[in-house]
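Which chain is which? The protein sequence lines are A, B and C, in order. First residue of the first sequence? That's 17 in our numbering, and the numbers climb one at a time after it. First residue of the second sequence? That's 171 in our numbering, and the numbers climb one at a time after it. First residue of the third sequence? That's -2 in our numbering, and the numbers climb one at a time after it.
Check before you lean on any hint, since a few could be wrong.
[As the list claims (entries may be wrong)] Subject to a maximum C-alpha distance of 20 Å in a straight line, what follows is the list of computed EDC-like cross-link-like pairs (lysine to aspartate or glutamate):
hint, chain 1, residue 1, chain 2, residue 2
1, C, K123, C, D155
2, B, K328, B, D230
3, C, K85, C, D147
4, C, K85, B, D237
5, A, K148, A, D171
6, C, K43, C, D126
7, B, K328, B, D259
8, C, K137, B, D237
9, C, K43, B, D237
[Said to hold, decoys possible] FRET-style restraints, in silico, Cβ to Cβ:
hint, chain 1, residue 1, chain 2, residue 2, range
10, B, N216, A, S113, 26 to 34 Å
11, A, S113, B, T298, 19 to 27 Å
12, A, T158, B, T195, 14 to 22 Å
13, A, L195, B, S275, 36 to 44 Å
14, A, G198, B, T298, 20 to 28 Å
By construction, these hints were calculated from the structure, which means they are not laboratory data. Yeah, the Cβ is synthetic: ideal placement off N, Cα and C, and Gly gets one too.
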Amino acid sequence: MMQKKISLLESLRLLGYIHLLFNHHFFWPNPGLYTLRKLRTFFLASLVLGGAAKGQTYGSDFHRVTVQVSQVTVVQVSSGTVNLSISGANAVAGQNSMTTTDLSTSFLWGTNVSLRKVTVRTSLATPIFTLKLLAVNPTAGTAASEVTLTTTAQDFLINLGKTSGSCQLQYTGIALASLGTGSDAHTITFTVTVQ
Amino acid sequence: MKKSLVTLTLAGLSILIVESASAQTSATQNVTLTVNTVYKISTSGNPSSMIVTTGTAGTDALSSVSDNSTTYSITQNYGNTVKLTANLDAALSAGYALQLNMASSKGTSAGTVDISNATSGSAVNVVTAVNRGADAGQMITYTFSALASAGMLSSTNKTVTFTLTN
Amino acid sequence: MKTQILYIAKKTAKTLVAVLAMASGLYAQGSSTQQSLILRVMELNKLGLIGGSLKLTIDKLYADQFAPAPVVNANTTLLWTSNGENKKITVASNNNNPRYALRVAPQEMSPGAGVAAPEVSFSDNKNHDFIVGVNRSAGKCVIQFTAAADVAKGIGSDTHVITFTITSS
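Kindly produce the complete structure, drawing on both the sequences and the hints.
Written out as structure tokens, the structure reads:
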């Protein structure tokens, strides 16, 4: 026999007909049986509506789905280039040391593993002048003390764990007037590693 | 319908697993620090007024007055040929003289130099062969003198310009 | 075409910026600072005497007059310096009624340092012109004192304190 799926509207309409039919005084001349009449209406309506909501089930089956998340660590800088310059405006007459600072770039990270830190190092083994770096206002983790950049990796950000965040990169260039003029080109590497 | 729904779900899960396998643990940044030529000179302020009030009977040259209450400081990274010059905004009239002595620990002081007629086009060297680096708080000594034959001089403002140059 | 033009324009602009930067570095060859000075020369007038106290002794007679011969002393020097205008030097004695004659006059004055006034004979204690026309000069002169005595005045002595003063004319 072909079974036809009926809509919810059709179910409600059928329920209404049933209610009218079974509540007519023709079937129930005794008012005391009104409550029983209501229950019966509900039972029959349930049969109809239940049949309509269940839809057309032909059979069922299942399979197992596994979601696996591995270690994820992402770091990036907001700009690949920073230029610091020392000129007369950075000098004070009578002082050999001249300083300039740059806060134009940011460092961003995200990691889903605990106990991580970020280290920094430079590629320049023998710079003429001094270059320092400090993490400013990190949104997560703890900034390490300002470092004078060398080819040896030094702590930059510590206590990173299952976080994503950012901080400003404060570069400070220091030159002694007694050393003259010149230019140092650094490639700074930020690395996330186990703390 | 059921089968395509399941297929789509599996595909979505597959994509998720592929992405979680990649990781970026380092980043690099190119930082250049450039130091340009720097010349910087400043003084501690202005000297006190220099007023000639006395002399010796029979001598035209009145008693000179001196001031060494101010100092100068310099910073330069150009080289060891830098010098310090001085000049007045306008030459003094005949009969009046202004001398200048600039101490230095970074260069060679010219000693006491007469700048009475040194204007902007004829500044005189007061310190030469200044080495790279900084020299702070070096004494500036002025000596003002006048001849009786030059007469009196009402209070006159003069501007001395010091230039650090190569 | 438009893209090419834009590319060339950008490159030119970058080159111009680089050239300007280099040029500014070439011309920025020094640094200057200034100090302000106040210079003044007050009016000053100075006098000085060289020679100390004098004693003029009349002890000779004119050979042909049997009268005391005057005595001259030119052993003292007056010096002065003035950077003012229209000054003069006066001379006065504190002896307003001397017994014997005493005169004074400037000698061997520095050229251009003033004009010698006529010889002064001390008979009162007033200031008398000694050198006039002193203008922005320093000079010196020999002070010549001449003492004379009438035979009728007899023997004795006068004491004078002679004061030279530089003052406005």
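Results of checking the hints against the structure:
1. Only pairs whose Cα atoms come within 20 Å are accepted, and K123(C) paired with D155(C) is accepted, the gap being roughly 17 Å.
2. A hinted pair counts as satisfied when its Cα atoms are at most 20 Å apart, and K328(B) with D230(B) does not qualify at roughly 24 Å.
3. For the proposed pair K85(C) and D147(C), the alpha carbon gap of about 33 Å is over 20 Å, so the pair is violated.
4. Restraint check for K85(C) and D237(B): the C-alpha separation of about 34 Å exceeds 20 Å, so the hint is violated.
5. A hinted pair counts as satisfied when its Cα atoms are at most 20 Å apart, and K148(A) with D171(A) qualifies at roughly 13 Å.
6. Of the pairs offered as hints, the one joining K43(C) and D126(C) holds, with about 17 Å between alpha carbons and a cut-off of 20 Å not exceeded.
7. Between K328(B) and D259(B), the direct Cα distance comes to roughly 7 Å. Compliance with the 20 Å bound is thereby established for this hinted pair.
8. Restraint check: the Cα-Cα separation between K137(C) and D237(B) comes to about 32 Å, which exceeds 20 Å; the hinted pair is violated.
9. Distance hint between K43(C) and D237(B) is unfulfilled; the C-alpha atoms sit about 24 Å from each other, more than 20 Å.
10. Between N216(B) and S113(A) the beta carbon distance is about 28 Å. The supplied range of 26 to 34 Å therefore holds.
11. The supplied range of 19 to 27 Å is met by S113(A) and T298(B), whose beta-carbon atoms lie about 25 Å from each other.
12. The hinted window of 14 to 22 Å between T158(A) and T195(B) holds, with their beta carbons roughly 19 Å apart.
13. Between L195(A) and S275(B) the beta carbon distance is about 18 Å. The supplied range of 36 to 44 Å is therefore violated.
14. Between G198(A) and T298(B) the Cβ separation comes to about 25 Å, which falls inside the hinted range of 20 to 28 Å.
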